[in-house]
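Protein chains: 2
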Amino acid sequence: MVRSPKILELNAFDAASGVRLEPDTENLIGRRQRTFGPSSMLFYKRPLHIVRAEGVWLIAADGTRYLDAYNNVPSVGHCHPKVVAAVAQQMGLLNTHSRYLNDGIYFYAERLLGTMPAELSNVVFTCTGSESVDLALRIARTLTGGDGVIVTQNAYHGNTSAVTEISPSSASTAPRNPDVFLVRAPDTFRGGTEDIGAAFAASVRSAIASMQARGVKFAAFIADSIFSSDGVFPGDPGFLAATAEAVRDAGGLYIADEVQPGFARTGEAMWGFARHGVVPDIVALGKPMGNGYPMGGVVIRPDLLAEFGSQNGYFNTFGGTPVAAAAGMAVLDAIASEGLQENAKTTGAYLLDGLKAVAAGAPVVGDVRGCGLYLGVELVRAGSEEPDPGAAERVVNAMREQRVLIGTAGLHGNILKIRPPLPFAREHADMLIDAFAGAVAQP
Amino acid sequence: MVRSPKILELNAFDAASGVRLEPDTENLIGRRQRTFGPSSMLFYKRPLHIVRAEGVWLIAADGTRYLDAYNNVPSVGHCHPKVVAAVAQQMGLLNTHSRYLNDGIYFYAERLLGTMPAELSNVVFTCTGSESVDLALRIARTLTGGDGVIVTQNAYHGNTSAVTEISPSSASTAPRNPDVFLVRAPDTFRGGTEDIGAAFAASVRSAIASMQARGVKFAAFIADSIFSSDGVFPGDPGFLAATAEAVRDAGGLYIADEVQPGFARTGEAMWGFARHGVVPDIVALGKPMGNGYPMGGVVIRPDLLAEFGSQNGYFNTFGGTPVAAAAGMAVLDAIASEGLQENAKTTGAYLLDGLKAVAAGAPVVGDVRGCGLYLGVELVRAGSEEPDPGAAERVVNAMREQRVLIGTAGLHGNILKIRPPLPFAREHADMLIDAFAGAVAQP
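Line by line, the protein sequences are chains A and B. Start counting the first sequence at 1; every next residue gets the next number (the working numbering). Start counting the second sequence at 1001; every next residue gets the next number (the working numbering).
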């Protein structure tokens, strides 16, 4: 079996590791590798064979229940019965593209836009966050006439050709697009007492200046406001306002990638940008939007869309179908009727406190941070700020053995990424805290 | 209301036309324009408000049933009960990304790959045809080290930034990518008695030579083998073999876009390339794959995928989920158990003959052609080869008033595109032929 490439996440299965697996698992891995190829990545040293899910639980073939503290796609809970019913019902009724009139999709569009600032009153539906960011980029480049884009050092925004170029975390040996300029993520752990908002805005201004010095016209700044892939740096509310100002001063567009913070995950707001009092020019939506039904969207100022649309065609066959609308509507309903934003806030705060309490006695933990149900735990060489990716790998796999599933993030892979479905309750937080305490206590 | 741009299809609704509409329709159009913006296109001079669908029927709010001879996404029939049941059941059970083991997705991958030539034994799942073509292009460019791509003059391959650049039919005022070279589609109508295979291969060889003369390295040729958007030119089986040879001779990769001909539509084979005895290097799948559930895929030689994967990350969150697998499996089941390939062949031939019989007495019809359930009818100034887009616009809208839905294609928009769901039966063909006869008889 071919060894997976360097871009493999640290917590991934490695066929060359010689780890002992059940025959059933071995067999499935063989079938997977024969059809998907050897570079297709599986989570954990001992991969999971999952057959069922509900709420915050993933259930393996042997009946073991794993607490899901990783997946943000099934945001209102795995197999949410109302989302499943809405999709099933609409799929049996009508599922066409949007070139016929259908009121379901306009109801959903109106409801979704109702959660946005008044300035953002148009939407273009897509199928994935990648398609959303790709379209957002294309619009920004077309309208500004520039190609220059600023992203953070280890950002991930999706998988199309254009979006891979602005996703430095998708490591590649291909030459980087020279029009893409990187800034450091706002590292609240290593930043000390500095004003992180002013410092980050200054780094964006400086990147714009470098860009212009090289003759590249500035098109857009894009970030997810949690800086998820950089290592989870939500920072204090409002700190991105200065950056938005820097972007506008230079004639660029501010694109908010809401694939990570959007749909109430931060607890403080429905949208990540709203925590910062920023009104973006373009918002890209994806993952949690349909709770697993593939859907995404670009929410945009109508003047920008009209200008783009007057000279460019865009049509997305599976985007904005009545079934997508039904899924999206059921998700918005669940967030509202089940109080999931409030739960993200209170359970998130409880979890943060619990993890901090454990961290106080664990020198390998350098920092615990988070916002709502998006948390990061930075593992370091004891007493230093030096990243310890090996510790992250051990903790993630130890917690998996304790039936609690999390992931890793960051340029060095040393940050634990905790991002459960939103119906995560206090009892689930307690389980996670216990497993975390056990894992960091191990040598 | 802003007038829609020039890229609007000829058969589209135009708010400035002053056409009289029902109040319900007016109201929906208003809501649509406020949320989607003015450039979002609706089919037909008098748009349809569709609320339900089954088999080959679209049913409007007022109960009128329209015969669908346009939509290839609901390929095994609108709201196919077995596809709906498979999706609903799996959605209630498990719907995660593919980084856990799950046998449903490997079963589906094995079954899908079983319909492909033995050389094409790996698959990467995506969510849309656009994502598939985008990935195919990225792989071709990465592996060849070239950027040069050859497409036909009015091709459409999808909507991402990179794919729009190889989709000249997505008219745009943006400068064209200088690495994209265009060849004329194999026009069997105007080609006279020439050997269309030899002529098309020669044009591809010539494009490769022009490319090399300009210092651009050749990466790939891509076509859908029906040349759908160019105006529906399926040609005789086998004619693309010489082109595949020309592509390989120059060190390029042959990408088959199966979004249009794939999944049995041509009647002669499961895949468009198979009609030609060509084994592509990469196959892009989309639209009909999940009968409306958003899914796509790239089928590829394993040596190419391994080389690409050794240095590049690619992960698609919604691609290859257990729900996508369930939808895809139900589609393959329906094609096999309902004899849809055979039906495409026999009903397609019957429809072709019927349309030709009408055409014999209609000077506005220059050519009727097709393969299986993919037909093109070329409308011209009587007795000439000169395209008549106005006639196409009239015929499409007249047929819509007769409750039969088709579309247009081609560089000039003068070709009727007939592409119904595959359970289209002889009685449906008869209805279409009658409506066509009535429409072309009108002044």
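Careful: at least some of the hints might be erroneous.
Derived DSBU-like pairs (lysine-lysine); straight-line CA-CA distance at most 35 Å [stated by the list, open to error]:
| id | chain 1 | residue 1 | chain 2 | residue 2 |
| --- | --- | --- | --- | --- |
| 1 | B | Lys-1345 | B | Lys-1356 |
| 2 | A | Lys-45 | A | Lys-345 |
| 3 | B | Lys-1356 | B | Lys-1045 |
| 4 | A | Lys-82 | B | Lys-1082 |
| 5 | B | Lys-1217 | A | Lys-217 |
| 6 | A | Lys-356 | A | Lys-45 |
Read the hints as simulated data drawn from the structure, not as lab findings.
Each hint tested on the structure:
A hinted pair counts as satisfied when its Cα atoms are at most 35 Å apart, and Lys-1345 (chain B) with Lys-1356 (chain B) qualifies at roughly 16 Å. Using a Cα cut-off of 35 Å, the hinted pair Lys-45 (chain A) and Lys-345 (chain A) holds, with the two alpha carbons roughly 32 Å apart. At roughly 27 Å between alpha-carbon atoms, Lys-1356 (chain B) and Lys-1045 (chain B) fall within 35 Å of each other, so this suggested pair holds. Straight-line distance between C-alpha atoms of Lys-82 (chain A) and Lys-1082 (chain B) comes to about 21 Å, which keeps the hinted pair within the 35 Å bound.
Among the hinted pairs, Lys-1217 (chain B) with Lys-217 (chain A) is consistent with the structure: their alpha-carbon atoms are about 27 Å apart, no more than 35 Å. This hinted pair checks out: Lys-356 (chain A) and Lys-45 (chain A) have alpha carbons roughly 27 Å apart, not beyond 35 Å.
Comparing the model with each earlier hint shows no violations; every hint is respected.
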